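Asks: Single-letter residue listing:
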Amino acid sequence: DAKTTQPPSMDCAEGRAANLPCNHSTISGNEYVYWYRQIHSQGPQYIIHGLKNNETNEMASLIITEDRKSSTLILPHATLRDTAVYYCIVRASNSGGSNYKLTFGKGTLLTVNP
Amino acid sequence: DSGVTQTPKHLITATGQRVTLRCSPRSGDLSVYWYQQSLDQGLQFLIQYYNGEERAKGNILERFSAQQFPDLHSELNLSSLELGDSALYFCASSRDRVDEKLFFGSGTQLSVL
Chain P
1032 DAKTTQPPSM DCAEGRAANL PCNHSTISGN EYVYWYRQIH SQGPQYIIHG LKNNETNEMA
1092 SLIITEDRKS STLILPHATL RDTAVYYCIV RASNSGGSNY KLTFGKGTLL TVNP
Chain W
486 DSGVTQTPKH LITATGQRVT LRCSPRSGDL SVYWYQQSLD QGLQFLIQYY NGEERAKGNI
546 LERFSAQQFP DLHSELNLSS LELGDSALYF CASSRDRVDE KLFFGSGTQL SVL
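So the sequence lines, in the order shown, correspond to chains P and W. If you use this note's numbering, the first sequence corresponds to residues 1032 to 1145, in order. If you use this note's numbering, the second sequence corresponds to residues 486 to 598, in order.
Calculated from the structure, these hints are not laboratory results. Nothing here was measured: the structure is a model prediction, and the numbers come from that model. Heads up, some of the hints might be wrong.
What the hints assert, rightly or not - Think about it this way: if two alpha-carbon atoms lie no more than 30 Å apart in a straight line, the pair counts; the simulated DSS-like pairs of lysine-lysine are:
(1) K1034/P / K1083/P
(2) K1083/P / K542/W
(3) K1100/P / K542/W
(4) K1083/P / K586/W
(5) K542/W / K494/W
(6) K1100/P / K494/W
(7) K1100/P / K1083/P
(8) K586/W / K1034/P
(9) K1100/P / K586/W
(10) K1137/P / K1100/P
(11) K1137/P / K1034/P
(12) K1083/P / K494/W
(13) K586/W / K494/W
(14) K542/W / K586/W
(15) K1034/P / K1100/P
(16) K1137/P / K1083/P
(17) K1137/P / K586/W
(18) K1137/P / K494/W
Said to hold, decoys possible - Here are some of the chain W residues that sit facing chain P, going by a computed Cβ distance under 7 Å:
(19) L528
(20) E585
(21) K586
Said to hold, decoys possible - Computed list of chain W residues with no C-beta within reach of chain P, every gap over 12 Å:
(22) G537
(23) E547
(24) N562
By construction, the Cβ of each residue, glycine as well, lies at the ideal position given by its N, Cα and C atoms.
In isolation and in its complexed conformation, chain P is listed as follows (with noise of 0.2 Å):
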């Protein structure tokens, strides 16, 4: 699977928008740009997926480049419920191989401040 890169630590502003950026400059063109969040030693939640297009979804909108290297996760409305350590994981969609599993690296723990 392509490496991702997050920063470690965000701070945003309670119901500002929330923009998480990640790069993925080695992702290949059956990989999925993934977005999952762990709100503190609760089990990770998925939150949106995505390969070429843009996506929106009850919990956020996921924008990907055109040349795929990279993606921002957008929390329209950020509020304090939404801090926590936020995944991007880049994973192939196929039935072949074991090289479908999700792979979280150390993601980027979004602060929301009252």
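Using the hints provided, position chain W relative to the given structure of chain P.
Replies: Showing chain W alone in chain P's frame:
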């Protein structure tokens, strides 16, 4: 609530002992995954089962073993425990063999004294 149930929530034991962690996946999910999270290693994939069969192996020690039963619940067995095995153990489930979304349980905190 993810729908994945893990028991027990906390486990305290001594070195050399053996423990069993249990996981019930979401209703309808056929895949179960086990992850270990320690302070120095982060979240590490251990093993995956799909419909009762081992599907993929990660950084699982030989002292550890797992299985998935016909009712799809899974157990992770940890034996000859060492201090370094102290960690949070998470179970996750997904609908299929290669599902985009994993749903994680709340974990079992294992403390080896």
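Asks: If a hint holds in the structure, say so; if it does not, say that too.
Replies: So, going through the hints one by one against the coordinates:
1. K1034/P / K1083/P: Measuring from Cα to Cα gives roughly 17 Å; hence the hint holds.
2. K1083/P / K542/W: holds, 29 Å
3. K1100/P / K542/W: Within the cut-off at roughly 28 Å; holds.
4. K1083/P / K586/W: holds, 18 Å
5. K542/W / K494/W: holds, 24 Å
6. K1100/P / K494/W: violated, 39 Å
7. K1100/P / K1083/P: Given pair K1100/P, K1083/P holds - Cα atoms ~10 Å apart, limit 30 Å.
8. K586/W / K1034/P: Cα-Cα ~20 Å, so holds.
9. K1100/P / K586/W: holds, 22 Å
10. K1137/P / K1100/P: holds, 19 Å
11. K1137/P / K1034/P: holds, 11 Å
12. K1083/P / K494/W: Violated - the C-alpha atoms of K494/W and K1083/P are around 39 Å apart, more than 30 Å.
13. K586/W / K494/W: This hinted pair holds, its Cα atoms lying about 23 Å apart.
14. K542/W / K586/W: Holds. K542/W to K586/W sits at ~19 Å (cutoff 30 Å).
15. K1034/P / K1100/P: At roughly 11 Å apart (the allowed maximum being 30 Å), K1100/P and K1034/P satisfy the hint.
16. K1137/P / K1083/P: holds, 24 Å
17. K1137/P / K586/W: With Cα atoms ~19 Å apart, K1137/P and K586/W stay inside 30 Å; holds.
18. K1137/P / K494/W: Satisfied, since the Cα-Cα distance of roughly 24 Å is no more than 30 Å.
19. L528: At 4 Å from the nearest chain P Cβ, L528/W passes the 7 Å test, so the hint holds.
20. E585: holds, 5 Å
21. K586: K586/W check passes; min Cβ-Cβ to chain P is 5 Å, inside 7 Å.
22. G537: The claim stands: G537/W keeps its Cβ more than 12 Å from every Cβ of chain P (closest is about 18 Å).
23. E547: E547/W is indeed farther than 12 Å from all Cβ atoms of chain P, at 18 Å.
24. N562: holds, 20 Å
Of the hints listed earlier, those the structure fails to meet are numbers 6, 12, in rising order.
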